[in-house]
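Take a look at the letters that make up each chain.
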Amino acid sequence: MSPSDPGAWQRTSPFAIVFFIGRTIKSFTQSLIQIVATFGALAVLIERNPQVALVIPVGILAIIAAGVLQYRFFRFRIEEDRIHIHQGVVRKTALDLPFDRVQGINVERSLIDRILGLVTVSLDTAGSATAEGQLPSVTSELADDLRGRIRASRPAKAADDVSAGDVPAVSPDGVTRETSAPAESLGQILLKLRAGDIVRIGFANRNLVLAAAFLGIFGQSLTFVAKRLDPIVEEAFLGAGTLIQVLVVIGFVIGFVIAGLAFSLLGAFLRYHGFTLWREGTAYRTRAGLLTQREVVVENRKIQQLTLSHNLILRLFRRHRLRALPAALVPNQGGAEAAGLQIAEVLEVPLLKGPEAEDLRTRLFGREGHALSLLPQTPAFKRVSPHYIRALTLRISVTSVLIATPFLAGILQADAGTRLADAVLGLTGTTFLSPLLADGVVGPVALGLFLWWLASIPVAALLAWVRWRRQGYLHDDDGLAGRSGFFGRKVDAFLFRKAQSVDVTQSPLQSRKGLATLHVRLACGQVVVPYLDLGVASRLRDYMLYQVESSRLRWH
Amino acid sequence: MFINPEVPLESLPGADNLDWLPLHPRFVRRLQLGALLRVLVIGAIATVAYFLMKGGDSAALGRFADSLLPFALAGFGLFAASILIWPMIAVPRRGYVVREKDILYKTGVLWRSVKAVPFNRVQHTKIDSGLLDRRFGLANLSVFPAGAGGHKIRGLGTDTAERLRVYVSERIEAEAIEPEDDQNSPLPDPQAEASAAHENGPPADAG
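Heads up: the sequence lines are chains A and B, in that order.
My numbering numbers the first residue of the first sequence as 4 and each following residue consecutively.
My numbering numbers the first residue of the second sequence as -4 and each following residue consecutively.
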């Protein structure tokens, strides 16, 4: 297989069979529930009739055979300006992909690939299924060759990138050119994560925090678990004193947390080991992974929005997480037909310090948006109107009343004769009518709900106040940064000229108080700034529209 | 640090004082007919449900159906009246404006919104009209930028919708950013570009 031989049909290396087996298994098991259900059913069948167990080796053989067949039928041909990929055993597909439609190349290396010096290439395409544009287990020279061809196919795009980026190569006549040849190995290394950083990522796992909180709350139910485990355990457990029972429960909780932590750390190392962020020409690339190494390449000009966030634990570590979001919906240059949906790769830096984040922002935004900041503690962030607290308090307390209604009605309802009707109401989702059925229940339920509502207001107000304190916005001539969060904090920053559409909305309360909410839709999502002064919101909208409409720079 | 934009904000074309174009007058009738059909279907389902509950074996269920009847009738009456009258309130408050560089659409009576989509961000447009729309000679125009967003202007006359679509398509072509421009023209300085484009920009609608 020689990458310098265009026009010939090629196969990938036989190690791609592993990839195809993986893809076959993936196509069977779309969801976790499906897998669990299948294995459950199989286990029951085997218990009744052990001969059914033969299904398992047959199934495994079939999957391997499918992998081999898919490998045999997979061919690709590289031409001057395009790549053809033919694949499929029963349903054949022929992909003809011009290089100027390729948005980027992402590379993944599994453990086998790395030992053998192979890579799995995925071509990010505009508007077609990404799974089709994958070349499994090819040599890394071929990947570099492809990357070179793709870069060569669009000199114009590479040049306009410079206007948004920070490449200083501006010649006297103002024409910007990418002068440097494709970097040999790693270009300019911007960030590397060490083992200590990855341990921090493991500790800051959001799911770990949730699991610990969950166990803390439901730790008591372990008593119940212990009862069912074993009569001996039960006897020992119940025979012991209350103090020992409590200690056992606490021990269980700590054990679970430690196990969860171990898993979280393992996951962090698997995913982020050796994380490196570097710049190569106009693109930013990351590489990470312990066994399977993943590479993400995002062109600077494709980035629509930067999101910096930290949860409580990251905040303790004084670290942040940065995500650069490219357009999710890549427009179709053809025009009339609908653009296909494609989730582009997100450039993620899982852990970085504040100054590093700011440095990256200035690199990614180039000379625009200098006065923006991604750091949530920046004093320049302006608060939104305090009426936001009022609206949010109302929303939270009313929601709590709606949740409480069925419970309260159930507790206060004495008359057993209305149970059937109650069930009907419950099924039709009109449970709130059930108090009407029993005499003397309407009063208590209404009173109870009213008291519940009153009681919930202080809590709701506190929650709303915390949310309001987190909410903020900051803008300069080129862009806007919006801050939000509850436990953690998050800042979304974008350049005005990247906006796709701008909405200004007003609720009845906002209309009365002369306030409005600004929604800026970007190609990767939306940024909302609630409860602004109507004048500020309208002026920001008008200014943003003017920036978008007068900008001659490409937004993607 | 907050920096006030150098471009005087007051002189920017504002979207506050615009002459909003109304939707087609027949659109109210079309929505009312749609609402009437919905009322009839819901009424029919509710009637069937009532007689099923009465005719069933369970006496409790029958009693329950009877006790619910006045509430159901009152609620249904209110619901029917409100959705039949609502278009007469809501439709006059909707409107759209086509400017040189963007298209705006406003909706809402209690919860109001003004949406703006610049032409140089529009990916494609779409006209559609359902069975009822065609009966009234109406069509809906949708404008899609990249990502989620954009708007669907409902209740335009068929001719208006087609004319608008053609105009929007022309504007998209005119506003399209040529990659070649970027390559050959000098690197635009954001400040200079901003002020230059502003002078040539559309005249301020707002006084």
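Warning: the hint list may mix true and false statements.
Unchecked claim - Subject to a maximum C-alpha distance of 25 Å in a straight line, what follows is the list of computed SDA-like cross-link-like pairs (lysine to any residue): (1) K493/A x A143/B; (2) K147/B x R274/A; (3) K101/B x Q529/A; (4) K101/B x G491/A; (5) K121/B x Q529/A; (6) K147/B x E371/A; (7) K96/B x L537/A; (8) K121/B x R557/A; (9) K96/B x V539/A; (10) K516/A x W106/B; (11) K101/B x V531/A; (12) K516/A x L105/B; (13) K356/A x G254/A; (14) K147/B x K356/A; (15) K516/A x A143/B; (16) K101/B x K493/A; (17) K516/A x T102/B; (18) K96/B x K356/A; (19) K96/B x V531/A; (20) K516/A x K101/B; (21) K96/B x K516/A.
Claimed, not checked - Not the full set, but computed from the structure, chain A residues with beta-carbon under 10 Å of chain B: (22) F206; (23) S403; (24) A407; (25) K516; (26) A526; (27) V551.
Unchecked claim - Far from chain B, some chain A residues (derived; all Cβ distances over 10 Å): (28) P17; (29) A502; (30) P511; (31) R524; (32) G528; (33) L548.
Everything labelled a hint here was simulated from the structure, so no lab data went into it.
Cβ coordinates follow ideal geometry from the N, Cα and C atoms, glycine included.
Cross-check of the supplied hints:
no. : hint            : result
1   : K493/A x A143/B : holds (21 Å)
2   : K147/B x R274/A : violated (43 Å)
3   : K101/B x Q529/A : holds (19 Å)
4   : K101/B x G491/A : violated (35 Å)
5   : K121/B x Q529/A : holds (23 Å)
6   : K147/B x E371/A : violated (33 Å)
7   : K96/B x L537/A  : holds (23 Å)
8   : K121/B x R557/A : holds (24 Å)
9   : K96/B x V539/A  : holds (22 Å)
10  : K516/A x W106/B : holds (14 Å)
11  : K101/B x V531/A : holds (18 Å)
12  : K516/A x L105/B : holds (14 Å)
13  : K356/A x G254/A : violated (35 Å)
14  : K147/B x K356/A : violated (44 Å)
15  : K516/A x A143/B : violated (29 Å)
16  : K101/B x K493/A : violated (31 Å)
17  : K516/A x T102/B : holds (19 Å)
18  : K96/B x K356/A  : violated (41 Å)
19  : K96/B x V531/A  : holds (23 Å)
20  : K516/A x K101/B : holds (20 Å)
21  : K96/B x K516/A  : violated (31 Å)
22  : F206            : violated (34 Å)
23  : S403            : violated (22 Å)
24  : A407            : violated (22 Å)
25  : K516            : violated (14 Å)
26  : A526            : holds (4 Å)
27  : V551            : holds (5 Å)
28  : P17             : holds (41 Å)
29  : A502            : violated (8 Å)
30  : P511            : violated (5 Å)
31  : R524            : violated (4 Å)
32  : G528            : violated (7 Å)
33  : L548            : violated (6 Å)
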